Amino acid sequence: MFETLSDRLYGIFENIGKKGKLTEQDVDEAMREVRRALLEADVNFKVVRDFVSAVRERAVGEEVLRAVTPAQQVIAIVNEELVRILGEERVPLEYASQPPTVIMLVGLQGSGKTTHIAKLAKHLREEGQSPMLVAADVYRPAAIDQLHTLGRQIDMPVYSEEGESDPVKIAWNGIKTARDRSASIVLVDTAGRLQIDERMMTELEDLTERIKPTETLLVADAMTGQEAVSVAETFNERLNLTGLILTKMDGDARGGAALSIRSVVGVPIKFIGTGENVDALEPFYPDRLASRILGMGDVVSLVERAQQQMTEEDSHKLEEKVMEGRFNLEDFLNQLQQLKQMGPLTQILEMIPGIGQAMRQSDVQISDDQYKHVEAMIYSMTPEERRNPDIIKPSRRKRIAAGSGTSSDQVNQMLNQFRQMQKMMSQMGQMGGGGKKKGGLRGLLGGGGNPLGGMSEADLEKMMGGGGGLPGGMPGGGLPGGMPGMSGGGGGDRGSSTQLQPKHANRRKKKKKSKGKKR
Amino acid sequence: MIFSKIFRRQAEPDPQVEAGLKKARRGIFQDIVALFERSEITEDLYEDLEALLIQADLGVETTVELLENLQDRISREGIKQPSDAREALRTEMIALLHNATKNRKIKVYQRGVPFVTLVVGVNGTGKTTSIAKLARYHQKQGRSVMIVAADTFRAAAIDQIRVWGERLDVPVIAHEPGSDPGAVVFDGMQAAHNRNIDILLVDTAGRLHTKHNLMEELKKIRRVMQRHVEAAPQEVLLVIDATTGQNGLSQARHFSEAVEITDIAIAKLDGTAKGGIAFAIARELGTPISYIGTGEKFDDLAEFTPETYVDGLFFGDEDEED
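Protein chains in written order, with our numbering: chain A, 1 to 519; chain B, 520 to 841.
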């Protein structure tokens, strides 16, 4: 659907490459694409203007004109500038010197305040705090019930007052109660409101005056368009915001609003919401959002999630197995289960550069159900069969098919694909002796500071590897492409979709398409 | 806020609120008016106009196309005066939105067969509030209304719709939180039949359009409806938040693919948002836009018409030029 900025820039510079010389006009053309990409990501118009002129200034300098790969150079500059605006590093929550720390969430209707109160509470408890929630949205029907329900879900106390219509009173009493119960954090939920609703904004000012929150966080929807800035500006003028929570980042919104708010209002983005469950809250990292705005995937988050699921030792063992070609179905099942714990498959694939886009383009739907067949087949095998799939002959195959509710053919297909994957892995293992390929991901992590910023598109492509498999330290070795059974599951159309191509192939295809469309 | 003026807000004339309204209106409307106050049509005019349209969330492609059409018209009709150019822009904008209304189907309300409206959208766009407004809208036409609380996922969503039901005196069919939305829809269809209800409004959980499984759930809900009434749901209403940026296109596209959206409602137009995404949707998808939500009260729902939309958001009434 969207053509990513990197694709477009490559398109421009590819043509120039043939001419052999880069002119200022070429840079201008590139800048137009940068501008367009940012506007399509809903970055505020004025922010885009300033941004583009900053990038241009750097780009017309020697570094791009002389560069062997100008496209990469421009992308790197854009990425750096994005990260600079988004705030070089993460700003954590502040705590009051004397507890309880009061955190107030404000925002427009439907941005996700109540849900994020619960997420934040859970997150803070995991950090060792003891939070209490206060329901001060007295307007929306059942808003208080909603907070109570969420409170029960996460087993956290919720303060509310039946029949009281003054949020200031409720919040004040809530904080008093929290102090009595020695809660360390009070999270105050407020009603959604328009920033131009004078009465409601005055109410928030009164509330702030009274409860003096340490943190006043604006909850903003990642899908917000150009208005994001004026909303945030007004809230900030009246309440002195201390931070931003960007919600609904699990969709396909690029989240340009965040960049705009950060740039114009200057408040740091502290968290992002990535799903409907109370766990779906992540600290904000500028570099990751930068690559998302550019449509470049989010390898770092992916690796981090993987690491949460796997200890260093596990990953070493796995790596050894892969290199020695001893990776068997048992290991594969393990990997599959860990992969599942990392989150929905689509979300994981989205994070891999190029793949999210390839999926959108071919309109692929990968459902987590597709693992299930593979899982069922492996579960229907004896331990011996899992360790040594070669012994699976027709009669065993029949039994496995019957046990897993699949067909003999499906089992066969899965086994074949597994063998291919095994082969690919052992080749990769042999290749990766000491070079960059092995542990590419880990190297990335170890780089410190700003991993994606220093990475060129070529590195990203390399990481994806020829066959589309993630090498080395990544659990599930051949994550995309070679996953057995995936194509067997849902019929031809879906199957072909999971055959993820290396990035160039895909780029070329798309270019043709877009050319056809333009005229 | 401009809409409130056009669609008569029954609000208390609070001077503070009024001041807020004025502030909001000042934005793009005055800018566009000011734009055409120069003495001749110049290249600058187009550039400034482009900036304003992009800032209204029309998106780059729609803006570019609109400007091309405008330029064509201006040269074709030999327009010299900026004020005529302004009129030409208005005409082009309205024409663009007609893309989204010409596909609108006429609603047929049959006696004895419930007219089912399935309301869908991403989280927090205003589905539940829109349902309350729709209920009111139909009540005023003398139709009997029933609501099905099929948002069984979000905490207290069922309570919320129950409160609305009580206030409107509309029966609400609901199950336990966390239960299967298909099952409650099944019961709702049955109840609507038994009680001879004219309009059945089905509230669903907000879902991101990129979540395959949740979109499948919507398809299932639709199948359940079709088992009772073949033509159901006669209306599949996508609610889009007016503040939405270019992602609105993706929402419309994905929801249409899953459940064949018949109508779109643009909600929350009472803010400062310009709802420019309506133009992008009209241009790229042509999905019918049918309603607009203009406030928090029951009656703040109006039929979408291109003329009012364009005038309300971009040009204002005559008396606003003071």
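Quick caveat, the hints were computed from the structure, so don't treat them as lab data.
Nothing here was measured: the structure is a model prediction, and the numbers come from that model.
Fair warning: there could be bad hints in the mix.
What the hints assert, rightly or not - With a straight-line Cα cutoff of 27 angstroms, these simulated BS3-like cross-link-like pairs (lysine-lysine) come out:
1. B/LYS599 to B/LYS738
2. A/LYS321 to A/LYS372
3. B/LYS624 to B/LYS599
4. A/LYS317 to A/LYS340
5. A/LYS317 to A/LYS122
6. A/LYS122 to A/LYS46
7. A/LYS317 to A/LYS372
8. A/LYS122 to B/LYS730
9. A/LYS372 to B/LYS730
10. A/LYS372 to A/LYS340
11. A/LYS398 to A/LYS317
12. B/LYS739 to A/LYS340
13. B/LYS739 to A/LYS372
14. A/LYS317 to A/LYS169
15. B/LYS621 to B/LYS738
16. B/LYS626 to B/LYS816
17. A/LYS372 to B/LYS738
18. B/LYS624 to A/LYS340
19. A/LYS169 to B/LYS816
20. A/LYS372 to A/LYS423
21. B/LYS738 to B/LYS626
22. A/LYS321 to A/LYS393
23. B/LYS738 to A/LYS340
24. A/LYS321 to A/LYS423
Said to hold, decoys possible - To give a feel for the contact side, a few chain A residues facing chain B, derived at Cβ under 8 angstroms:
25. THR23
26. GLN25
27. ASP28
28. GLU29
29. GLY87
30. GLN109
31. GLY110
32. THR149
33. GLY225
34. GLU227
35. GLN337
36. LYS340
A virtual CB, placed ideally from N, CA and C, is assigned to each residue, including glycine.
Requested in this report: Let me know if the C-beta of A/GLY110 comes in closer than 8 angstroms to any C-beta of chain B, holds or violated.
Outcome: holds (3 angstroms)
Query raised in the report: Minimum Cβ distance from A/GLU29 to chain B below 8 angstroms?
Result: Violated, because the Cβ-Cβ distance from A/GLU29 to chain B comes to roughly 15 angstroms (cut-off 8 angstroms).
Query raised in the report: When you check the alpha-carbon spacing of B/LYS624 and B/LYS599, does it fall within 27 angstroms?
Result: violated (40 angstroms)
Query raised in the report: Would the hint on A/THR149 stand, with a C-beta cut-off of 8 angstroms toward chain B?
Result: holds (4 angstroms)
Report task. Take a quick look at whether A/LYS169 and B/LYS816 sit within 27 angstroms of each other, Cα to Cα. Result -> holds (26 angstroms)
**Report entry** Satisfaction of hint between A/LYS423 and A/LYS372, Cα-Cα up to 27 angstroms
**Finding:** Holds - the C-alpha atoms of A/LYS423 and A/LYS372 are around 24 angstroms apart, at most 27 angstroms.
Query raised in the report: Is the hinted pair A/LYS317 and A/LYS122 satisfied, with a Cα-Cα distance of at most 27 angstroms?
Result: Not satisfied, since the Cα-Cα distance of roughly 34 angstroms exceeds 27 angstroms.
Query raised in the report: Does B/LYS626 pair with B/LYS816 here, judged by a C-alpha cut-off of 27 angstroms?
Result: holds (25 angstroms)
Query raised in the report: Is the Cα-Cα distance between A/LYS317 and A/LYS340 27 angstroms or less?
Result: The hint holds at about 20 angstroms.
**Report entry** Status of the hint placing A/GLN25 at chain B (closest C-beta pair under 8 angstroms)
**Finding:** violated (19 angstroms)
Query raised in the report: Straight-line Cα separation of A/LYS122 and A/LYS46 no greater than 27 angstroms?
Result: violated (37 angstroms)
Query raised in the report: Is the interface hint for A/THR23 satisfied, with its Cβ closer than 8 angstroms to some Cβ of chain B?
Result: violated (24 angstroms)
In this structure, the hints that do not hold are numbers 1, 3, 5, 6, 11, 14, 18, 25, 26, 27, 28, 29, 35, 36, in rising order.
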